[in-house]
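Undergrad: If you want the building blocks of each chain, they are given just below.
Protein chains: 6
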Amino acid sequence: MEVSARNFLKTTVKKIVTGSVNTEVTLELAPGVEVVSIITKSSAEKLGLAEGKQAYALIKSSDVIVAVD
Amino acid sequence: MEVSARNFLKTTVKKIVTGSVNTEVTLELAPGVEVVSIITKSSAEKLGLAEGKQAYALIKSSDVIVAVD
Amino acid sequence: MEVSARNFLKTTVKKIVTGSVNTEVTLELAPGVEVVSIITKSSAEKLGLAEGKQAYALIKSSDVIVAVD
Amino acid sequence: MEVSARNFLKTTVKKIVTGSVNTEVTLELAPGVEVVSIITKSSAEKLGLAEGKQAYALIKSSDVIVAVD
Amino acid sequence: MEVSARNFLKTTVKKIVTGSVNTEVTLELAPGVEVVSIITKSSAEKLGLAEGKQAYALIKSSDVIVAVD
Amino acid sequence: MEVSARNFLKTTVKKIVTGSVNTEVTLELAPGVEVVSIITKSSAEKLGLAEGKQAYALIKSSDVIVAVD
Chain V
1 MEVSARNFLK
11 TTVKKIVTGS
21 VNTEVTLELA
31 PGVEVVSIIT
41 KSSAEKLGLA
51 EGKQAYALIK
61 SSDVIVAVD
Chain L
1 MEVSARNFLK
11 TTVKKIVTGS
21 VNTEVTLELA
31 PGVEVVSIIT
41 KSSAEKLGLA
51 EGKQAYALIK
61 SSDVIVAVD
Chain H
1 MEVSARNFLK
11 TTVKKIVTGS
21 VNTEVTLELA
31 PGVEVVSIIT
41 KSSAEKLGLA
51 EGKQAYALIK
61 SSDVIVAVD
Chain X
1 MEVSARNFLK
11 TTVKKIVTGS
21 VNTEVTLELA
31 PGVEVVSIIT
41 KSSAEKLGLA
51 EGKQAYALIK
61 SSDVIVAVD
Chain C
1 MEVSARNFLK
11 TTVKKIVTGS
21 VNTEVTLELA
31 PGVEVVSIIT
41 KSSAEKLGLA
51 EGKQAYALIK
61 SSDVIVAVD
Chain B
1 MEVSARNFLK
11 TTVKKIVTGS
21 VNTEVTLELA
31 PGVEVVSIIT
41 KSSAEKLGLA
51 EGKQAYALIK
61 SSDVIVAVD
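Protein chains in written order, with full-length UniProt numbering: chain V, 1 to 69; chain L, 1 to 69; chain H, 1 to 69; chain X, 1 to 69; chain C, 1 to 69; chain B, 1 to 69.
Fair warning: there could be bad hints in the mix.
If several chains are the same, the list does not tell them apart, and a pair holds so long as it fits within one copy or across any two.
[Stated by the list, open to error] In silico DSS-like cross-links for lysine-lysine, where the CA-CA straight-line distance does not exceed 25 Å:
| id | residue 1 | residue 2 |
| --- | --- | --- |
| 1 | 46 | 10 |
| 2 | 41 | 53 |
| 3 | 46 | 14 |
| 4 | 14 | 53 |
| 5 | 15 | 46 |
| 6 | 15 | 53 |
| 7 | 41 | 10 |
| 8 | 15 | 41 |
Hints are computed from structural coordinates only; laboratory data are not their basis. This structure is a prediction, so every number in the text was calculated from the model and none was measured.
Could you put together the complete structure from these sequences and hints?
TA: Take a look at the structure:
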């Protein structure tokens with residue numbers, strides 16, 4: 001599948017914290033570089049996420065804010 | 001400064017493409033791992049972005065969609 | 001592919017308006033029910049969008065605001 | 001009222017699932033075509049949402065990601 | 001009309017800058033307190049925005065990032 | 001620090017409501033003008049937010065929807 005979002009990054013699931021409604025998923029982009037995603041618990045179950053499995057992080061370019069010191 | 005957004009990633013500016021209104025900034029998170037941001041041209045100028053300079057990518061965790069094959 | 005976003009709707013591309021930077025894509029969800037998407041021109045080209053072709057509209061549930069009269 | 005968001009779709013409330021903080025609202029756009037929205041529980045109460053009632057789904061065009069197989 | 005978004009702020013249109021595709025609208029919330037919105041040019045025309053007119057700024061609470069020094 | 005987001009507003013924390021996962025923060029922009037933010041409970045703790053303290057509201061201009069009566 002192809003998507004219009006510019007950022008479609010290959011990652012490894014590093015950690016999953018399951019709440020009552022939402023699940024916090026930590027995705028490793030490269031050694032020591034991680035991105036955290038919050039999705040609904042039902043989505044996390046539907047996707048069959050598990051630590052060590054491969055997943056993609058999909059981020060719209062307009063959702064990336066740039067900052068400098 | 002501290003921000004509520006969970007993802008505040010240290011990057012290096014890899015490429016800047018300036019349009020008439022928006023600027024597309026490619027940020028390198030790790031060798032070969034890049035994230036693209038689209039910001040207004042005036043913001044890019046205000047930040048003084050330049051290739052090779054350090055910058056941060058600020059992304060809300062709820063803006064990261066997870067996908068699996 | 002499976003995605004964490006709750007809304008993954010099957011549509012038909014109804015109209016494409018190409019600007020200098022962005023492309024406006026009108027997607028038909030059902031007869032007379034349309035949703036408009038704005039994506040970058042380069043994304044539209046990469047996806048090979050064309051009127052009459054099938055496409056999916058992917059929308060996070062937190063991006064849907066509800067209103068009542 | 002008029003809004004700048006391009007998508008302002010007439011719907012019927014199909015299902016409401018109330019959580020401790022958030023409420024998940026399923027809106028029917030056309031027979032068999034539904035969109036899910038997650039709003040705060042207090043917003044759902046303020047709006048007086050109920051199954052069978054009419055409501056609008058308000059979605060910014062930049063929040064609609066397009067995908068193709 | 002009632003909306004699920006928590007922030008629905010009464011403002012006065014302070015400045016309108018029209019681009020080829022997008023329009024930048026500066027809204028005054030209180031003397032000296034302004035918020036900038038970028039909407040499509042066609043939306044700005046449809047809304048009949050003009051400097052000095054009253055308008056509302058509609059912002060989802062999850063789109064407000066908090067920062068401290 | 002400088003950020004690409006156009007709206008970076010100085011505020012005073014007016015009210016904090018702590019939930020099990022999320023925290024609702026009411027920020028006062030000017031007397032009687034408030035904006036509500038929902039952030040994760042862990043972010044609120046990391047930021048050390050407290051009623052009466054100064055904080056910034058960071059909002060992307062594309063996240064501000066404009067409405068008129």
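Undergrad: Hints first: check each against the structure and report whether it holds.
TA: How the hints compare with the structure:
Taking the shortest Cα distances, residue 46 and residue 10 sit within 25 Å of each other both inside one copy (19 Å) and across copies (19 Å). In this assembly of identical chains, the alpha carbons of residue 41 and residue 53 lie at most 25 Å apart only when taken from the same copy (17 Å versus 28 Å across copies). Taking the shortest Cα distances, residue 46 and residue 14 sit within 25 Å of each other both inside one copy (18 Å) and across copies (22 Å). For a Cα distance limit of 25 Å, the shortest separation of residue 14 from residue 53 inside one copy, 8 Å, qualifies, whereas the shortest one across copies, 29 Å, does not.
Both within a single protomer and between protomers do residue 15 and residue 46 lie at most 25 Å apart by alpha-carbon distance, with minima of 17 Å and 20 Å respectively. For the identical chains of this complex, residue 15 and residue 53 are intra-copy neighbours only, at 10 Å inside a copy versus 31 Å across copies, given an alpha-carbon limit of 25 Å. Taking the shortest Cα distances, residue 41 and residue 10 sit within 25 Å of each other both inside one copy (21 Å) and across copies (24 Å). When the C-alpha separation of residue 15 and residue 41 is checked against a cutoff of 25 Å, the pair qualifies both within a copy, at 14 Å, and between copies, at 18 Å.
Violated hints: none; the structure is consistent with every hint.
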